[in-house]
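Enquirer: Spelled out, the chains give:
Protein chains: 2
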Amino acid sequence: MTITITAFERSPDGGKGLARDTRVRWALEEAGLPYDVRLVSFQAMKEPTHMRVHPFGQIPTYEEGDLTLFESGAIILYIAENNPGLLPSDAHARARAIMWMFAAVNSVEPPIFDLTTAKIVEGDKPWAEQRIALVKDRIRQRLAQLSDRLGDAQWLDGEFSAGDLLMVSVLLRSRPSGILDEFPNLAAYVARGEARPAYKRAFAAQLAVNTAPLPTT
Amino acid sequence: MTITITAFERSPDGGKGLARDTRVRWALEEAGLPYDVRLVSFQAMKEPTHMRVHPFGQIPTYEEGDLTLFESGAIILYIAENNPGLLPSDAHARARAIMWMFAAVNSVEPPIFDLTTAKIVEGDKPWAEQRIALVKDRIRQRLAQLSDRLGDAQWLDGEFSAGDLLMVSVLLRSRPSGILDEFPNLAAYVARGEARPAYKRAFAAQLAVNTAPLPTT
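If you read the protein sequences in the order shown, they are chains A and B. In terms of this note's numbering, the first sequence is residues 888 to 1104. In terms of this note's numbering, the second sequence is residues 888 to 1104.
Be a bit skeptical, because a hint or two may be false.
All copies of an identical chain are treated as equivalent in the list; a pair is satisfied when it fits inside any one copy or across any two copies.
Said to hold, decoys possible - The calculated EDC-like cross-link candidates involving lysine to aspartate or glutamate, where the alpha carbons are at most 20 angstroms apart (straight line), are:
{"#": "1", "residue 1": "K1023", "residue 2": "D1035"}
{"#": "2", "residue 1": "K933", "residue 2": "D1035"}
{"#": "3", "residue 1": "K933", "residue 2": "D1024"}
{"#": "4", "residue 1": "K1087", "residue 2": "D923"}
{"#": "5", "residue 1": "K903", "residue 2": "E1081"}
{"#": "6", "residue 1": "K903", "residue 2": "D1068"}
{"#": "7", "residue 1": "K1023", "residue 2": "D1068"}
{"#": "8", "residue 1": "K1012", "residue 2": "D900"}
Because the hints were derived from the structure by calculation, they are not lab data.
Please construct the entire structure, taking both the sequences and the accompanying hints into account.
Expert: Written out as structure tokens, the structure reads:
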């Protein structure tokens, strides 16, 4: 059964791998699954055809036969549950790996994403500069807690898991601001993720899309 | 094996059921599992004893024998996977129920939670009023999309699932602002959740905590 995901026709980051299709590509590469990609323009993303697949008009989505999923966390968990290598077999370790997946998207990503809102969406507001400083401090607070927990471990809980895949993907989004590099153990953790062959293939695939000429219409 | 969760000694909402322990209590009640509650003060929450259980110094946590979890979404999924009634048995329907869990915490809760930040954390800033209006519009945009998807269905995807439990819990947090009631089908959906006996027991349990006299120290 062919797996098809969606991705930006052109990512706002120009190919830095920070759009959410990269984490899904990474999970598919870790699982050794081939996949097709359907590119979606910003305009098409908000049209009924795509909104039927993704009610919030975003990417990525995952289609395989009559299964359609959205939400990168859910897609990665589905891949992890149905293929070896991304979740431990011990029931408790498995529960903790899934816990780190939720921690990534619910506790670590929101303040990081909020910086994009403060810079891009509210960048023209008179309060932008003052508020950006506040949001950066909130990111630092969360990353300091995560840094304390990680300590000098290689991964968050034993072997590499889908929890690390999602956490590394989320932390990558804090690198352009310089905040990730304020926490050397987190920066090294992210670098370990990026060094995985599956990540490299995923990154290269999204880069190829984002540096290819746009289709002429 | 005894299940112990943590909750606020006194919730900031004074017992409206909006703190994240309520959703875990609800899942435990749906599953028919007895549980103990360890109450944590705001001060104790940031101390090493609790930070070892929850690296971000929050509630709820879940302890059962040698398993310790944090993140309400992960706790609810663990309960749902190990007890009947909260996840469908069909593999695709199960994946979609988990998708709605991630959608609740990653796509719907962040703008709703941001309103609390705008009102409470940044309420004394000169930009507070203008920014609150912006954040409210973002909540409306997301809820409009969810409202379109739900339509006149009872639940998000067939039978009630952990996806509905988490989505209803998150939507409840948009009621104090009045925004939930701008979407009659979402308000009715939330009311269906609140009408479930398990929800009522969970709500009553957290209310009892939040209206009891504080321990004198």
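Enquirer: Against the earlier hints, flag every one the structure doesn't satisfy and list their numbers going up.
Expert: Going through the list in order, the structure violates hint 8 alone and respects the others.
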